[in-house]
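Position 24 of the sequence shown, counting from 1, maps to 347 under my numbering, and the rest follow consecutively.
In case anyone wonders, no lab produced these hints; they're calculated from the structure. Be a bit skeptical, because a hint or two may be false.
[As the list claims (entries may be wrong)] Each computed SDA-like pair below joins lysine to any residue, with the alpha-carbon atoms no more than 20 Å apart: (1) Lys354 to Leu446; (2) Lys354 to Arg370; (3) Lys354 to Phe344; (4) Lys354 to Gly476; (5) Lys354 to Arg378; (6) Lys354 to Met500; (7) Lys354 to Glu343; (8) Lys354 to Asp328; (9) Lys354 to Ala334; (10) Lys354 to Leu375; (11) Lys354 to Ser341.
[To be verified] Simulated DEER-style distance windows between Cβ atoms: (12) Cys459 to Glu425: 15 to 25 Å; (13) Gln524 to Phe344: 45 to 55 Å; (14) Ala456 to Ser356: 28 to 38 Å; (15) Ile513 to Pro482: 43 to 53 Å; (16) Glu340 to Asp422: 29 to 39 Å; (17) Thr445 to Leu345: 12 to 22 Å; (18) Leu436 to Glu340: 37 to 47 Å; (19) Glu340 to Gln392: 53 to 63 Å; (20) Arg525 to Glu340: 44 to 54 Å.
Cβ atoms here follow ideal geometry from the backbone N, Cα and C, with glycine treated the same way.
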Amino acid sequence: MNILDHASYSASDVTIESREFLFRGFIQVEKVSLSHRLFNRSDYSPRIQRELIHRPEAAGVLLYNNQQQRFALIEQFRVGALNDPESAWQLEVIAGVLDGDESPETCIRRESLEESGCQVETLQHLFSFYPSAGACAEFFHLYAAEVELPMQGGIFGVPDEGENIQLHLFDYSELAMLFQNGRLRNAPVIMALQWLTQHIQRR
């Protein structure tokens with residue numbers, strides 16, 4: 324088997340012995356007892372127990388404009404960064420969870436209007452990935468979109484959903500500083516801006 328094309332094992336190589344929900348809310352927590360195939364052996368692991376966090380599937384987008392030589396990020400309070408020694412207010416790409424059977428593309432177009440006022444037409448898919456597969460089942464779709472950016476930022480979000488979002492606009496020339504000064508603290512924004520750096524270099 325070519326590891327470039329396929330994982331070493333598949334879902335059939337996991338034996339689930341029990342599953343029990345410990346908490347059911349917007350986020351769900353499940354206790355799972357299982358065993359799985361071991362590398363280079365024919366037997367399975369001893370029974371192990373894990374807590375599995377279920378979050379809805381999500382999608383995000385980096386908004387940029389080559390003619391303006393600018394890109395947009397949002398800033399908002401994040402409870403997951405509550406213990407961050409510098410700030411719980413994080414710089415991020417525009418993102419949101421999929422609503423029911425909503426597609427990632429539809430989600431992004433809706434979230435872009437809510438969080439920046441920008442209309443998204445053409446989307447470029449960058450990656451789909453598990454942000455924290457060690458404990459969380461969330462699956463994230465990351466895109467980029469060239470849009471007409473506003474001249475200045477503003478306050479956006481849906482207040483009824485507890486959103487208070489600041490839109491920031493950056494020049495391409497500020498990319499290096501963002502990577503160096505520690506302001507980028509989550510995977511999607513780092514991945515998106517690394518893509519943007521490569522995109523600029525290819526132009």
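Sort out which numbered hints this structure fails and list those numbers smallest first.
-> Per hint list: 1, 4, 6, 8, 14, 15 and 17 violated.
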